[in-house]
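Number of protein chains: 2
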Amino acid sequence: MYDGIVQDLIDEFGRLPGIGPKSAQRIAFHILQTPSFDVSRLSQLLAEVREKVRFCEICGNVSEQDRCSICRDPRRNQTLICVVEDAKDVAAIERTREFRGLYHVLGGAISPIAGVGPDDLRITPLMQRLADGTVQEVILATNPNLEGEATATYLSRLLTSLQITVTRLASGLPVGGDLEYADEVTLGRAFEGRRSV
Amino acid sequence: MYDGIVQDLIDEFGRLPGIGPKSAQRIAFHILQTPSFDVSRLSQLLAEVREKVRFCEICGNVSEQDRCSICRDPRRNQTLICVVEDAKDVAAIERTREFRGLYHVLGGAISPIAGVGPDDLRITPLMQRLADGTVQEVILATNPNLEGEATATYLSRLLTSLQITVTRLASGLPVGGDLEYADEVTLGRAFEGRRSV
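Chains as they are written, first to last, in UniProt numbering: chain B, 1 to 197; chain P, 1 to 197.
Source of the hints: derived by calculation from the structure; they are not laboratory data.
Watch out, some of these pointers could steer you wrong.
No copy is singled out in the list; a pair is fine if it fits within one copy or between any two copies.
Below, computed lysine to aspartate or glutamate pairings styled on EDC-like, alpha-carbon distance capped at 20 Å [to be verified]:
1. Lys-52 with Asp-11
2. Lys-22 with Asp-8
3. Lys-88 with Glu-98
4. Lys-88 with Glu-12
5. Lys-88 with Glu-147
6. Lys-52 with Asp-8
7. Lys-88 with Asp-66
8. Lys-88 with Asp-11
9. Lys-22 with Asp-89
10. Lys-88 with Asp-8
11. Lys-22 with Glu-94
12. Lys-88 with Glu-64
13. Lys-52 with Glu-12
14. Lys-22 with Asp-86
15. Lys-22 with Glu-85
16. Lys-52 with Asp-66
Bear in mind that the values here come from a model prediction, so they are computed numbers and not experimental data.
Next comes chain B alone, as it looks inside the complex (with noise of 0.2 Å):
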């Protein structure tokens, strides 16, 4: 529709994740009509992140470093690991403030329709974090779903083993969400975990 670069570019960004045709187009004409937008500042991003990023080689988190920032401060609780699905999950609680344990992150989840086993995961680095015995509780936090869940059942039953406590975040009504607009499981899942006040 448009002539050659200025489609490509669209095309490009359409490329991305959460990225329809529209956004794609509005994104370029942006950059294009937006003089002071710092194209070359992306660019250089763009190629540092690919060039100096890793995953850190304890927690699987991402660092610029061989370990990551977490896996490095000595003031963190050595004794709780949390399992994750995913590096963004890491930030996502770190946001929260409440946990100053460890992180392990294991690439995904079990899914058999999209043929993730469990030799996908990084569970072998996890079981060997576990070995040593300095670790006292291991903390499930996949997602609430069903390859989430499966996964969380997986492990909990490859831990047992071990003299290891292992918990799964509590599930619930989300907090400031509405009991009425709230589906079954989840309203479900709130009486089971029902709590004396």
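We have chain B already, so just place chain P on it with the hints.
For chain P alone, coordinates are given in the frame of chain B:
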């Protein structure tokens, strides 16, 4: 939340229109975790677009040459000009394949709130294009909102002195839409503009 440049890249994507912090994070991680994503191609396109793409000296549409492909095309109807707010609107109208005339991009719409007056739009170049008497009809295709209507009204008054037919795109129910869900103004316009069948 993230180590250095990952957060920088997220922030940079977050500066683009329509991309919130969550989408920006998702995009940055996609680029990080997808080795096949061609970072250098995106960078190259960004630089090329900045370097090569300009605005057509006649109509103001995006173009890789001094004149855009539409203004260069002798088969287009030279007696008909469709006035739009933005180059994106040219692409939207071209997609319909209904219009074979020329365009004129204003570069916005009159908006006292945003501080955009007639002098900020490409109205003088439009008047110059109309001066030689070739153009017989001007179609005002500004957006059917407050600013677009104000701009259309302003232009239609300005053009009454010339021997040119001035028309406005029809307002009414969107095709495939549901009458029940149409807002009152649109439904009112649909009644006003009703045609015998």
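Hints, one by one, checked against the model:
In the homo-oligomer, the alpha carbons of Lys-52 and Asp-11 lie at most 20 Å apart only across protomers (17 Å), although the nearest pairing inside one protomer, at 27 Å, exceeds that limit. In this assembly of identical chains, Lys-22 and Asp-8 lie within 20 Å of each other by CA distance solely inside one copy; the values are 14 Å within and 25 Å between copies. Taking the shortest Cα distances, Lys-88 and Glu-98 sit within 20 Å of each other inside one copy (16 Å), while across copies they are farther apart (46 Å). In the homo-oligomer, the alpha carbons of Lys-88 and Glu-12 lie at most 20 Å apart only across protomers (17 Å), although the nearest pairing inside one protomer, at 23 Å, exceeds that limit.
In this assembly of identical chains, the alpha carbons of Lys-88 and Glu-147 lie at most 20 Å apart only when taken from the same copy (17 Å versus 41 Å across copies). Proximity of Lys-52 and Asp-8 under a CA criterion of 20 Å is satisfied inter-copy only: 13 Å between copies versus 27 Å inside one chain copy. Within a single copy, Lys-88 and Asp-66 get their C-alpha atoms as close as 18 Å, which meets the 20 Å cut-off; across copies the closest is 46 Å, which misses it. In this homomeric assembly, Lys-88 and Asp-11 come within 20 Å of each other (Cα to Cα) only across copies, at 15 Å, whereas the closest approach inside a single copy is 26 Å.
When the C-alpha separation of Lys-22 and Asp-89 is checked against a cutoff of 20 Å, the pair qualifies only between copies, where the shortest distance is 12 Å, while the shortest distance within a copy is 29 Å. Taking the shortest alpha-carbon separations for Lys-88 and Asp-8, only the inter-copy value of 15 Å comes in at or below 20 Å, while the best intra-copy value is 29 Å. Taking identical chains as interchangeable, the C-alpha atoms of Lys-22 and Glu-94 lie at most 20 Å apart only when they sit on different chains, with a minimum of 15 Å there against 33 Å within one chain. Proximity of Lys-88 and Glu-64 under a CA criterion of 20 Å is satisfied intra-copy only: 15 Å inside one chain copy versus 40 Å between copies.
Taking identical chains as interchangeable, the C-alpha atoms of Lys-52 and Glu-12 lie at most 20 Å apart only when they sit on different chains, with a minimum of 17 Å there against 23 Å within one chain. In this homomeric assembly, Lys-22 and Asp-86 come within 20 Å of each other (Cα to Cα) only across copies, at 14 Å, whereas the closest approach inside a single copy is 28 Å. Taking the closest pair of Cα atoms, Lys-22 and Glu-85 come within 20 Å of each other only across two copies (17 Å); inside a single copy the shortest separation is 31 Å, beyond that limit. For the identical chains of this complex, Lys-52 and Asp-66 are intra-copy neighbours only, at 10 Å inside a copy versus 41 Å across copies, given an alpha-carbon limit of 20 Å.
The structure meets every hint from the earlier list without exception.
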